[in-house]
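Protein chains in written order, with this note's numbering: chain A, 1 to 114; chain B, 1 to 116.
Any given hint could be a false lead.
[What the hints assert, rightly or not] With a straight-line cut-off of 27 angstroms between C-alpha atoms, the simulated DSSO-like cross-links for lysine-lysine are:
1. A:K49 with B:K57
2. B:K57 with A:K101
3. A:K22 with A:K58
Honestly, the hints are just simulated from the structure, not real lab data. From a predicted model like this one, the values you see are computed outputs, not experimental measurements.
Letter by letter, the chains look like this.
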Amino acid sequence: AQSVAQPEDQVNVAEGNPLTVKCTYSVSGNPYLFWYVQYPNRGLQFLLKYITGDNLVKGSYGFEAEFNKSQTSFHLKKPSALVSDSALYFCAVSLTSGTYKYIFGTGTRLKVLA
Amino acid sequence: NAGVTQTPKFQVLKTGQSMTLQCAQDMNHNSMYWYRQDPGMGLRLIYYSASEGTTDKGEVPNGYNVSRLNKREFSLRLESAAPSQTSVYFCASSNHYRERGNQPQHFGDGTRLSIL
């Protein structure tokens, strides 16, 4: 069965420090991978995606993610965290063919401390 | 550019009542989705419509029905509401291309539904 795991319910980081939000996936084919951010009382907003090509993907607001096929991971990173980055982050996966469905992780709450 | 619009934003129902959640997108997307979001469980797919005229069950379809009214609109109906259906409901839309694959989803801001 396809699945996405976000092993940390919450990540705390000091402002200005680098941040990492972890995501691992399990699919039977080649995946498309996505990161979304959710602010309070809002819907999910797209941050970045991996389709093919370079393993390091750059997205909105200075975020980037590294695709690692051997470890089936797609961790979200940012070199220097801002207090305004505090939000709920979701990893999602979709197969490259045969489905229109996306599978979401359970979310990781990021708190950036001033 | 409105994107994905959901109505209503909030609703309180009594057990056994029915209601329809409305969703409309103005991005000419082919596919539309209904999710529910519950604490600690992420987003769970209720129903989706890959294209106009088709609908399919997702992970948690029991107690819900959907209608893809046209390319823009996709509604979710609770026929007899139960307390277990208290949740935040999100509608999303996206496109899919044979060469470029599944594109990112665009989400509405949700409907917060409480069932007493």
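Structure-based check of all given hints:
1. A:K49 with B:K57: holds, 25 angstroms
2. B:K57 with A:K101: holds, 11 angstroms
3. A:K22 with A:K58: Distance ~16 angstroms between K22 (chain A) and K58 (chain A) Cα, so the pair holds.
Hint violations for this structure: none, all hints satisfied.
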